[in-house]
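**Q** Sequence:
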Amino acid sequence: MTMDRKIRVIAGTLLLASLALAQWVSPWWLWFTVFIGLNLLQSGLTGWCLMEDILRWTGIHSET
12 MTMDRKIRVI
22 AGTLLLASLA
32 LAQWVSPWWL
42 WFTVFIGLNL
52 LQSGLTGWCL
62 MEDILRWTGI
72 HSET
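Per my numbering, the sequence shown starts with residue 12, numbered consecutively.
A few of these clues could be false.
[What the hints assert, rightly or not] With beta-carbon atoms standing in for the labels, derived distance ranges:
id	residue 1	residue 2	range
1	Trp39	Gly70	29 to 35 Å
2	Met12	Val45	26 to 32 Å
3	Val20	Leu52	14 to 20 Å
4	Gln34	Gly70	32 to 38 Å
5	Trp68	Val20	14 to 20 Å
6	Trp59	Arg16	17 to 23 Å
Honestly, the hints are just simulated from the structure, not real lab data.
Built from N, CA and C at the ideal position, the CB exists for glycine as well.
Turn these sequences into a full structure, and let the hints guide you.
**A** What follows is the structure, given as structure tokens:
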């Protein structure tokens, strides 16, 4: 799995989890959803992705 696909899977999972938490636990979890959306927007505009740096730091590299 390529790095881009890993990041998309992680972002989608976190987004759905934050929405579920906002629905069933507390509406304050919507701020986490906003955080994810802003990170996706920033990544698209600048080409830099925090999650990519985190994955590289933890030793998870791109497979081609």
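**Q** Does each hint fit the structure? Answer for all of them.
**A** Verification of the hints:
{"no.": "1", "hint": "Trp39 <-> Gly70: 29 to 35 Å", "verdict": "33 Å, holds"}
{"no.": "2", "hint": "Met12 <-> Val45: 26 to 32 Å", "verdict": "27 Å, holds"}
{"no.": "3", "hint": "Val20 <-> Leu52: 14 to 20 Å", "verdict": "19 Å, holds"}
{"no.": "4", "hint": "Gln34 <-> Gly70: 32 to 38 Å", "verdict": "34 Å, holds"}
{"no.": "5", "hint": "Trp68 <-> Val20: 14 to 20 Å", "verdict": "18 Å, holds"}
{"no.": "6", "hint": "Trp59 <-> Arg16: 17 to 23 Å", "verdict": "18 Å, holds"}
Taken one by one, the earlier hints all hold for this structure without exception.
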